[in-house]
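Now for the letters of each chain:
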Amino acid sequence: MTDRTLDMALPAANSRPSAAARALAALRRLPAPALFGGAVVLFWVIAALTVQYWGLPEPLQIAGKRLQAPSLSHWLGTDALGRDVLSRTLHGAVFSVPVAIGVVAAGVAIGAALGAIAGYVGGVVDGLIMRLVDVTVAFPPILLAMTVAAILGPGLVNAAFAMVIVWWPIYARLMRAQVLEVREREHVEAAVAGGAGHTRVLCVHILPLCWTPILVNATMDFGQVVLLAASLSFIGLGASPPTPEWGSMISEGASRFYNWWVAFGPGMAILTLVLGFSFLGDGLRDLLDPRSS
Amino acid sequence: MAYDVLARPLRLMGSTALALTLAASLATSLSSAASAQEKDTLVIARSMDVNALDPARAFCDTCQIVLTSIYDPLTTLAPDNKTIVPRLAKSWEANENQTVFTFHIDPTAVFADGSPVEGKDVKWSFERLKNMKGNPSFFMDGVKSIEVTDPKTVVITLDASNSEFLNKLSAGFTGVINSDVAIAQGATADADADKTDKAEAWFLTHSAGSGPFALSAYRPDDELRLTRNEAYWGKKPAFSEVVFRQTKDSVAQAQMLESGAADIAMQIDMDTAGSLASPQVKTEIIPSYNFLYIALGAGAKSNTVPLTPDVRKAIALAIDYEGMIDFTVGGKGKKQSTAIPNGFSGTEGLPERKENLAEAKELLKKAGVPDGFEIEAVYPNDNIYGVDINLMMQKVQQDLARIGVKVSLKPSTYPVWRTQVNGDGIPLTAVYYAPDYYGTGQYADYFAMMPGTSWSKRAGAANNPAIINSKEAPLLAKALASAGADQEKAFHELALEMMADNIIIPMVSPDLVLAHRADIEGVRYSACCNLPVAEISRKK
Chain A
1 MTDRTLDMAL
11 PAANSRPSAA
21 ARALAALRRL
31 PAPALFGGAV
41 VLFWVIAALT
51 VQYWGLPEPL
61 QIAGKRLQAP
71 SLSHWLGTDA
81 LGRDVLSRTL
91 HGAVFSVPVA
101 IGVVAAGVAI
111 GAALGAIAGY
121 VGGVVDGLIM
131 RLVDVTVAFP
141 PILLAMTVAA
151 ILGPGLVNAA
161 FAMVIVWWPI
171 YARLMRAQVL
181 EVREREHVEA
191 AVAGGAGHTR
201 VLCVHILPLC
211 WTPILVNATM
221 DFGQVVLLAA
231 SLSFIGLGAS
241 PPTPEWGSMI
251 SEGASRFYNW
261 WVAFGPGMAI
271 LTLVLGFSFL
281 GDGLRDLLDP
291 RSS
Chain B
1001 MAYDVLARPL
1011 RLMGSTALAL
1021 TLAASLATSL
1031 SSAASAQEKD
1041 TLVIARSMDV
1051 NALDPARAFC
1061 DTCQIVLTSI
1071 YDPLTTLAPD
1081 NKTIVPRLAK
1091 SWEANENQTV
1101 FTFHIDPTAV
1111 FADGSPVEGK
1121 DVKWSFERLK
1131 NMKGNPSFFM
1141 DGVKSIEVTD
1151 PKTVVITLDA
1161 SNSEFLNKLS
1171 AGFTGVINSD
1181 VAIAQGATAD
1191 ADADKTDKAE
1201 AWFLTHSAGS
1211 GPFALSAYRP
1221 DDELRLTRNE
1231 AYWGKKPAFS
1241 EVVFRQTKDS
1251 VAQAQMLESG
1261 AADIAMQIDM
1271 DTAGSLASPQ
1281 VKTEIIPSYN
1291 FLYIALGAGA
1301 KSNTVPLTPD
1311 VRKAIALAID
1321 YEGMIDFTVG
1331 GKGKKQSTAI
1341 PNGFSGTEGL
1351 PERKENLAEA
1361 KELLKKAGVP
1371 DGFEIEAVYP
1381 NDNIYGVDIN
1391 LMMQKVQQDL
1401 ARIGVKVSLK
1411 PSTYPVWRTQ
1421 VNGDGIPLTA
1431 VYYAPDYYGT
1441 GQYADYFAMM
1451 PGTSWSKRAG
1461 AANNPAIINS
1471 KEAPLLAKAL
1481 ASAGADQEKA
1491 FHELALEMMA
1501 DNIIIPMVSP
1511 DLVLAHRADI
1521 EGVRYSACCN
1531 LPVAEISRKK
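Chains as they are written, first to last, in this note's numbering: chain A, 1 to 293; chain B, 1001 to 1540.
For reference, chain B alone in the conformation it holds in the complex (with noise of 0.2 Å):
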């Protein structure tokens, strides 16, 4: 700044600093490159996203590799990324209208104080994670009841059917916690947990689990440190100690990758990933489950325009997806056809969606509005899944511009858009979503246009009760009592109405970047755990 005190060359040089600055573009910080790693050491190089530790609290997706690693959930998920498998529970039986659950533990199960796995824990942490009333609590919805049978047996009674009930409970966020230990830190598992627990600080920067991994340090903004569980009572990992270290942008990830300051690296996007030259650096590039979608929110306040079904159907034939998956991951990504990603239960044969202009200026017409109209569009201002939401706004912009719908661009910070999107609802907006377990079920109660589930609140079904559609509801509660084929085809006949609905419109599903140092194996995504650490092992 330019104050009168300043003497003039300091000036001059001030200036010109900061303007190479800004051109050596700011946003690389390369400073945390450590020496190469000792050979018992797994470095992750990551934008930590951690809100809480707490199984009970946590909800991100860093959150989901590290509490898979620290607490045994009950069932985990195969690499095939669709069997339910064992993990806590060594078996399990339910009835015939999936309402009942009896999880039978395995008795080897130890926590890492030595102490065994029982059912009063489990009981304990599944009503803790009800109770808590936090972001994961969602997972416990609709249990009735859970009962400790034995010090082994826990049946577990819920409202109504859920045939993807076993699915929910492979996240980490239904991880098992030591009761007695976290207790004794101000844990509570009552009905006003969400006042009276304690532990949240606790968790932070201690772990109480039975997983292969127990929590030794958390920094923010700098490192979470992972030291093998020696009490393990499965296979135990290779690594005796695991680093997350905070790095932010793609960049500096793919530098430390290089360099070999990190092992792996999970959120390089596909731009940087074609300039990896290093033969010491491997690349897979898989498909995820993954997506980026807008929205329309036909309620909210400030339309200028009643977004009614045409209108809606109108935009979403304006897309140019094919140019869409080109422009954001430089065409490393999957076409998306609705909210549910492709490769769940309901997804296989769903028609793709397919830009037609022709069609979309008729409907606009038919709508009263043939010259199109204008539309804000507020988007959190972020980069996701190697995605630049911001890059994604402005193709957006150009496609609906060819059928004279002009859309102004207000890029936003996460806590305002969220407060914006959950108050008056914006017209457009952009966001993204990963899974939490396998299940289709997961996309309708968040995604369909269902009363009370979180889109069809924001996208205003307040105001504009219409988007809401009475055929999605019947099916959900079909699919979640059938299995197979016919659990298959109910989630197809909600997918297709989901489609219909036109609110959430998928915009690209980005292939994932798995890179990592050429002496690391067994790395793999996985929809429950996003990166199983404990299968992770470097070549002798």
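Just chain A, with the same shape it has in the complex (with noise of 0.2 Å):
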């Protein structure tokens, strides 16, 4: 089935276009939302990068009256300290983006490893691995993060570093079912009779065709993980104030009701980034995976 899905993306044996052309290719195989929750995305990424110079108020800084409603000075208002809510919203995509990155990365490649041994190992060590996951996942996700970060301190990094611990198994056990599946195929056990190492059969033969769900997974996930910091700073066990970080705007905003525009900005950008990373994910699920959809 993967093999299939690597076909898709093979282009027309005669001709063999540049990179560029068959990225081009790709993107038009893409379903309408999946570019709207691409562009969502990128809007975001160039965000985090590059902000500092967009020429936007000192998010840290008093940059007028407090709490006024948004005007064509401030367009989204000003919070309680008088800080201009557009500039921190947007200087927020500086911390989210890349702990939604950090976070999914390193889940993936501790998971992706972990599930790869336990796959390819079998016997005792993937009983212990899977059972280490079978614990992690028992626990509701937030509480054990929650939990973590409680023990590690408020913090930024603390609260990625507990999210981490969060995701990892769900990479553990996708990668361990494709490699529990690609392992039985004939080109491997072809490799093993040739006389292939353990690594050269597991990084050589198996790994490159497991790839496609983790993918997918992964840039769904983003947007959850985007979620979950953004819940960890609104109970404040996330980034410490004043970081313009979103869960912490929102929880400034929540106790002021009647100014609706405090927590709106930081709201509209996780809800934007969120969905922009499920129609993403669903749309490059339907391209590469399409046995699940």
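Hints are computed from structural coordinates only; laboratory data are not their basis. Every residue, glycine too, gets a C-beta built ideally from N, C-alpha and C. Be aware that one or more of the hints could be misleading.
Stated by the list, open to error - Here are the computed distance ranges between Cβ atoms for each label pair:
#	chain 1	residue 1	chain 2	residue 2	range
1	A	153	B	1184	31 to 37 Å
2	A	258	B	1424	38 to 44 Å
3	B	1374	A	69	34 to 40 Å
4	B	1049	A	113	46 to 52 Å
5	A	260	B	1365	43 to 49 Å
6	B	1275	A	36	35 to 41 Å
7	B	1522	A	69	34 to 40 Å
8	B	1049	A	260	27 to 33 Å
9	A	153	B	1457	23 to 29 Å
10	B	1365	A	153	31 to 37 Å
Unchecked claim - Simulated coverage check for chain B against chain A, where a stretch passes if three residues somewhere in it have a Cβ under 8 Å from a Cβ of chain A:
#	segment
11	1172–1183
12	1395–1407
Claimed, not checked - In silico DSS-like cross-links for lysine-lysine, where the CA-CA straight-line distance does not exceed 30 Å:
#	chain 1	residue 1	chain 2	residue 2
13	B	1248	B	1039
14	A	65	B	1282
15	A	65	B	1361
Fit the two chains together into the complex; they arrive one by one in their own frames, and the hints show the way.
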């Protein structure tokens, strides 16, 4: 099945278009919502990388009178300290986007490595790793993340660490299932018969065929990580003030119901980024992993 | 959470809904709104911090209201918030040096079960309060003996002069309990009461007082119900029932008030109060005796730079006090010079705290840290008296950055904060305080840099004995041994010393929003009793 997925991504045999052309062709096959999601995600990534050059008011400095409603000079108003909410919201991407990427990347790295070992080696090792996965998954994710973050103390790095602990088991399960399936194929048997070592068999003959579901899942998970990071900050276990982190900004706004704009900016930021990742993940799944659609 | 077993639509819906929920502010829980109340019931929307309802164990702002409604103390505070007037004690005498107090209990006073209030009940209640060794036990500090000379007369002897002793006895925690009833429920006043008393749970659902109300039900995180004491010996309250409905945040309280689901709300912050539009709601903004302060832990283990008197003064001079009031309570608050509320004895004519960046920088230079330093701020992440402490500390952070002092903010939960501040100490912290009775002594006992006070310990007197101010203890003794102008003068000198310590630096004394439905009368704020519920009525 996975081979077929790869085939779909391969170009026609006779001509070999450039990488750019292939990427464009793949893009064209993405459904419209996925393209929209991709655009939103791209916006936030660009914002995270370049927002300091946009000429916005300093996110930590007082920019005007406190609690001003949205106006032309402050598009999303000002918060209780008089800081520009739009600037703080856009600067929030500097924290949320890298945290999302970092947590998912670390989760994939740890989970995929352990899952691959469990699936390939089997036996006691498999049992041990998978029981650890079962135990971790048994806890509600937010509860586990809260516990870890509370033990480590508040802070964005600690929150990210807590989220990695919550996240890796998903990828371990996925990877193990893939490896178990691919391990039984003829080409692997042929490689083993040909005298290839375990490392070579795993890395060259098995792993390259296992990545697709992980990739799809990871794209979906970016959004969930953004949401969990915001939740941790909302309850005071994530970013510490005055960091313009979305969750803590919403927490500041939550007690000011009548000044709705304080929470509106970061709320919309989370909404768009999470939706963006979800749409993109869905599209990628349709494209790369047709059997699960 | 994106586990692979979840179906795609569910995931999308889940993430969208979660994001929306976050955006729509998780904290507003409006579900508890009830329909308009019957005429005979008073509903108070309140975030209840009840830790116990036993006068010898309780210690919270809500307890002040509830306990003074159920248990009559010997004295109470007049509406001027200064004069002590009789309650259970019809009259009293004190000897000249304020060490022996004789109280005559009102002969008409009876408990809710009809039995008369007697000296033995007073003695039993006070001894139990002392022997319970709990949070409010300090009310009995300095009490040497309690004698019952006849069923209606009690003589209390103190170790040292205390001209504020009568004020102390107006606090709800010193309320008199019906000893016969409580003993039958396992209560004891013995010296080992802290270990042998078994009545804590009983007091959570029952009461045994002589006050205008009796406790009829308490369900934590839901409601607390008082019913009128039909046997009350004083002026009967207008309402037959008072319900405190647990309502966590300011906005929810405001909405309950606007919808008519609550008659009174006392924890509405200034910004929300400004948004109340209904003509059915009346808001009064009055000065309070509450305050929020920052405190410098000169003996804290994690200090990077010694917090010498010069450094502490520099920090005090770097705060923009006017701006602080504007940012924390929208300008609806007062400056306060030292850790004694405005209006309390000794505070009149205190110099105002003022910002002076040039002098602050000069002082840092003198202290050898011209470029400033880094300091860690751990504080409870609470919203109290309408002030978001997190916000207040962000303002402190900005202000101190102007003299190069870089503050790293570490909001924490109250229990974690308490462990740290009483353990290794915290270089810079922020907390709050509300009075338990009208009297300056309580502030000296808690905040002054005298050996053994809570804040001298927290500020690290054990590591840094230099913070002890030897002038303060004699001034307090002098103040408590005198009265009138002499007392005022001694307290004033003490206040100046406490101000110069610069360990406790008040940020703001927030005004209090008293918001109630337009048909409610008699709502007022009291320094002893918080909200005297028995005085409230509904217009006919």
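Going through the hints against the structure:
{"no.": "1", "hint": "A:153 <-> B:1184: 31 to 37 Å", "result": "violated, 49 Å"}
{"no.": "2", "hint": "A:258 <-> B:1424: 38 to 44 Å", "result": "holds, 41 Å"}
{"no.": "3", "hint": "B:1374 <-> A:69: 34 to 40 Å", "result": "holds, 37 Å"}
{"no.": "4", "hint": "B:1049 <-> A:113: 46 to 52 Å", "result": "holds, 49 Å"}
{"no.": "5", "hint": "A:260 <-> B:1365: 43 to 49 Å", "result": "holds, 46 Å"}
{"no.": "6", "hint": "B:1275 <-> A:36: 35 to 41 Å", "result": "holds, 37 Å"}
{"no.": "7", "hint": "B:1522 <-> A:69: 34 to 40 Å", "result": "holds, 37 Å"}
{"no.": "8", "hint": "B:1049 <-> A:260: 27 to 33 Å", "result": "holds, 28 Å"}
{"no.": "9", "hint": "A:153 <-> B:1457: 23 to 29 Å", "result": "holds, 24 Å"}
{"no.": "10", "hint": "B:1365 <-> A:153: 31 to 37 Å", "result": "holds, 34 Å"}
{"no.": "11", "hint": "1172–1183", "result": "violated (count 0)"}
{"no.": "12", "hint": "1395–1407", "result": "holds (count 3)"}
{"no.": "13", "hint": "B:1248 <-> B:1039", "result": "holds, 25 Å"}
{"no.": "14", "hint": "A:65 <-> B:1282", "result": "holds, 27 Å"}
{"no.": "15", "hint": "A:65 <-> B:1361", "result": "holds, 27 Å"}
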